[in-house]
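Novice: Sequence:
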Amino acid sequence: MCKPGDKLRIHIYPDVKKDSSVIISETYQKILNVIRSSIYYEPDASKACIFVSSYDTLDRDPLSPDFQKNLPPFLPLDNGKNHLVFNLYSGTWPNYNELDFSDFNPGYAILVKASTSYTHYRPGFDISLPLFSRSHPEKGTTLSVMSNTVISGTGYDEVNIGNAAESTVANSRTNLLVFKGKRYIYGIGSETRNTLHHLHNNKDILIFTTCKHGKKWKEWKDERCIHDNREYEQYDYFTLLSNSTFCLVPRGRRLGSFRFLEALSYGCIPVLLSNYWVKPFEDVIDWSEIVIEGDERNLLQLPEILRSIGWKKIAKMRSQSIAIYETYFSSVERIVLTTISVLSERIQSQLSLNSFMWNLVNPGFTSFHGAIWFDGDFSYNLHDYPGYRNSNSFTIVIYVNRAISAANLHRLIRVVSKSQFLSRIIIIWALPISSPLFIGRNSVSFFKVPIELIIPKIKTINAKIYPYEAIRTDAVLNLDPESNLSAEELDFAFLVWRAFPHRIVGFSARDHYYDDVQSTWFYTSKWTNQYSIILLDAAFYHRYYSWIYTHHISTNIALNRENNENLEFNDLFNNDMLTDDSLCLDLVFNFLVAHITREGPIKVTQRKKTSNSTLTDANTSKIESFKFHKKCFSTLINSTFGYLPLIKSQMRFDPILFKDPVSNLRKKYRKLEQMK
37 MCKPGDKLRI HIYPDVKKDS SVIISETYQK ILNVIRSSIY YEPDASKACI FVSSYDTLDR
97 DPLSPDFQKN LPPFLPLDNG KNHLVFNLYS GTWPNYNELD FSDFNPGYAI LVKASTSYTH
157 YRPGFDISLP LFSRSHPEKG TTLSVMSNTV ISGTGYDEVN IGNAAESTVA NSRTNLLVFK
217 GKRYIYGIGS ETRNTLHHLH NNKDILIFTT CKHGKKWKEW KDERCIHDNR EYEQYDYFTL
277 LSNSTFCLVP RGRRLGSFRF LEALSYGCIP VLLSNYWVKP FEDVIDWSEI VIEGDERNLL
337 QLPEILRSIG WKKIAKMRSQ SIAIYETYFS SVERIVLTTI SVLSERIQSQ LSLNSFMWNL
397 VNPGFTSFHG AIWFDGDFSY NLHDYPGYRN SNSFTIVIYV NRAISAANLH RLIRVVSKSQ
457 FLSRIIIIWA LPISSPLFIG RNSVSFFKVP IELIIPKIKT INAKIYPYEA IRTDAVLNLD
517 PESNLSAEEL DFAFLVWRAF PHRIVGFSAR DHYYDDVQST WFYTSKWTNQ YSIILLDAAF
577 YHRYYSWIYT HHISTNIALN RENNENLEFN DLFNNDMLTD DSLCLDLVFN FLVAHITREG
637 PIKVTQRKKT SNSTLTDANT SKIESFKFHK KCFSTLINST FGYLPLIKSQ MRFDPILFKD
697 PVSNLRKKYR KLEQMK
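Under my numbering, the sequence shown is numbered contiguously, ending at residue 712.
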């Protein structure tokens with residue numbers, strides 16, 4: 037049983053690797069991969085409270101090439117109680133009966149299903165999914181990439197999505213309403229699609245359909261088919277999406293349509309023509325703020341309705357459509373994790389988030405939003421998350437895992453303790469020798485700020501960003517023990533972080549680039565005109581990211597290590613020999629924050645180096661270090677995250693009047709001009 041207060045534990049059974057007769061489609065394998073790599077996966081069936089069968093139930097249309105013939109008639113365990121059954125296609129020609137699973141009975145299972153109607157939907161029990169293609173990425177790409185970037189592998193050929201997020205400004209698109217798709221000249225669904233041509237005005241409403249569908253389309257073709265087929269071939273669908281305010285999403289053979297996610301991903305406001313369709317996750321997402329719901333019976337009223345919508349509402353709906361897609365639908369991983377979040381809320385209904393949180397907070401400004409990233413194990417108080425309250429102080433965390441003189445450490449503490457915003461200093465002592473005597477109970481009398489010493493039980497690199505209970509401020513400054521920053525620099529950086537609490541704010545910037553010859557992304561420490569990474573030798577971040585890293589990322593790494601996956605990479609986080617090399621941890625942390633926020637880090641001041649230490653082990657050659665960092669970067673992209681979430685930036689924050697030819701008396705941070 038799943039009890040309130042307990043984390044969901046999901047078990048997948050049986051082990052189909054031992055049964056050669058069982059075939060799993062690529063799409064269902066992605067779903068199983070996401071569950072197995074998540075914190076919800078439970079390998080021990082006796083400890084689980086939710087079960088997912090390895091038998092592929094996604095496509096139950098016997099006419100489909102992905103239809104699985106060898107499924108058992110019932111779920112093997114307890115007739116489906118506490119089971120999730122995923123399904124995208126049910127029923128077959130000609131009636132497409134919604135509950136026809138072709139000789140498979142889901143029993144008492146929760147149906148996680150696409151194309152669900154209100155007639156058969158069980159509110160508070162079943163979960164409605166969007167229809168997505170077999171090429172939908174397992175761990176999706178971000179829309180927040182550099183302009184004119186072509187992303188392939190999305191399931192829709194090669195698509196230019198670089199300007200999708202940028203074109204959310206009202207009146208920036210020339211077309212009012214567009215649609216391009218099949219007509220269905222016979223059979224179920226044809227009643228709606230056969231009448232769409234009445235909307236076409238060849239000006240700002242463009243409707244292009246084709247009769248070419250199925251084996252018998254020539255037998256049923258009418259006098260419009262020749263003209264429709266010719267026009268259909270002349271227009272590129274994704275160009276239409278990019279230049280339209282609204283996109284028509286009529287029902288297909290079933291109630292759901294691929295056009296729904298396609299429209300959302302382009303910031304094209306979906307106009308639904310699918311009566312009685314239960315929209316994806318509509319128990320928690322308020323779709324009235326994102327889509328226009330039309331009526332199949334009143335098709336000709338649509339143009340008047342759309343023209344009456346004001347530009348302010350259009351801009352808001354358009355930005356929310358992109359944000360909703362990015363947060364909940366951009367990959368199989370996000371769809372599955374959202375499903376689990378919905379299920380978790382039902383069990384712990386007294387602590388559930390309202391639709392305001394699910395519909396995102398101000399998506400045009402900050403990307404830290406969406407209920408999928410709010411972890412009840414961390415806090416159910418909204419103010420504990422980035423961006424929901426002002427922070428007046430910060431905590432410094434100094435991770436000491438290499439020999440350092442007591443004098444240097446004393447000097448650092450004495451300098452940074454002069455900061456007017458500093459709350460306390462936490463020193464993580466990961467050395468076998470004793471800590472200096474000045475780190476003790478009387479530290480307040482010496483440094484005017486409390487100092488707490490923590491000796492981690494397991495001396496791995498993870499201790500550097502662990503969410504210690506001693507950290508009581510939202511803002512955390514991770515500082516290298518050999519840092520040469522001044523208190524004035526820290527104060528300025530903290531004020532910048534207060535304006536952007538959902539980002540990493542720091543001093544040491546790095547970048548990544550794409551090598552066309554090797555067809556690979558690389559990390560680089562060379563100085564360029566842009567950056568995408570802020571090193572943790574001197575960086576501010578919200579303490580929630582430490583929680584997410586510790587309980588999500590490092591947990592998954594440990595789980596993969598037990599399964600002997602990426603063993604060499606995972607040894608970095610579990611082997612004492614590699615604790616001196618923190619760059620890979622910096623990369624993981626930057627990947628994580630960019631993955632959550634869809635925004636890049638922020639560099640402050642002109643400083644290029646913040647300490648006298650080096651990032652690599654003294655016993656490790658530069659060549660070996662480069663190979664290791666290359667492997668780390670590659671593994672993060674190809675395995676841990678499955679894509680490159682890093683966002684490039686060319687922005688640097690300096691104080692007002694920085695290096696301006698005015699009196700120093702007018703400058704608040706005048707000493708920063710002398711730092712290099």
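One thing to keep in mind: the hints can contain errors.
[Said to hold, decoys possible] Pairs of lysine-lysine, BS3-like flavour, derived with a Cα cap of 27 Å:
1) K667 with K704
2) K684 with K663
3) K454 with K663
4) K684 with K644
5) K53 with K117
6) K484 with K704
7) K562 with K666
8) K105 with K43
9) K704 with K495
10) K493 with K454
11) K83 with K105
12) K484 with K454
13) K254 with K218
14) K257 with K105
15) K645 with K704
It should be emphasised that the hints constitute simulated quantities derived from the structure, not laboratory data.
Novice: Work down the list of hints and note, for each, if the structure agrees.
Specialist: Comparing the hints with the structure gives:
A hinted pair counts as satisfied when its Cα atoms are at most 27 Å apart, and K667 with K704 does not qualify at roughly 44 Å. The hinted pair formed by K684 and K663 meets the criterion: a straight-line CA distance of about 23 Å does not exceed 27 Å. With a CA separation close to 40 Å, the supplied pair K454 and K663 exceeds the 27 Å bound. With a C-alpha separation of about 17 Å, the suggested pairing of K684 with K644 holds against the 27 Å cut-off.
Between K53 and K117 the CA atoms are separated by roughly 24 Å; this keeps the pair inside 27 Å, and the hint holds. Between K484 and K704, the direct Cα distance comes to roughly 23 Å. Compliance with the 27 Å bound is thereby established for this hinted pair. This hinted pair checks out: K562 and K666 have alpha carbons roughly 14 Å apart, not beyond 27 Å. Under the criterion of a C-alpha separation no larger than 27 Å, the hint pairing K105 with K43 is inconsistent with the structure, at around 35 Å.
Between the alpha carbons of K704 and K495 the distance comes to roughly 41 Å, so the proposed pair goes past 27 Å and is violated. For the given pair, K493 sits about 31 Å from K454 by alpha-carbon distance, which is inconsistent with the 27 Å threshold. Using a Cα cut-off of 27 Å, the hinted pair K83 and K105 is violated, with the two alpha carbons roughly 31 Å apart. Using a Cα cut-off of 27 Å, the hinted pair K484 and K454 holds, with the two alpha carbons roughly 8 Å apart.
Among the hinted pairs, K254 with K218 is consistent with the structure: their alpha-carbon atoms are about 14 Å apart, no more than 27 Å. A C-alpha spacing of about 34 Å is found between K257 and K105, which places the hinted pair above 27 Å, so the restraint is violated. Restraint check: the Cα-Cα separation between K645 and K704 comes to about 23 Å, which is no more than 27 Å; the hinted pair holds.
Violated hints for the displayed structure, listed by number in ascending order: 1, 3, 8, 9, 10, 11, 14.
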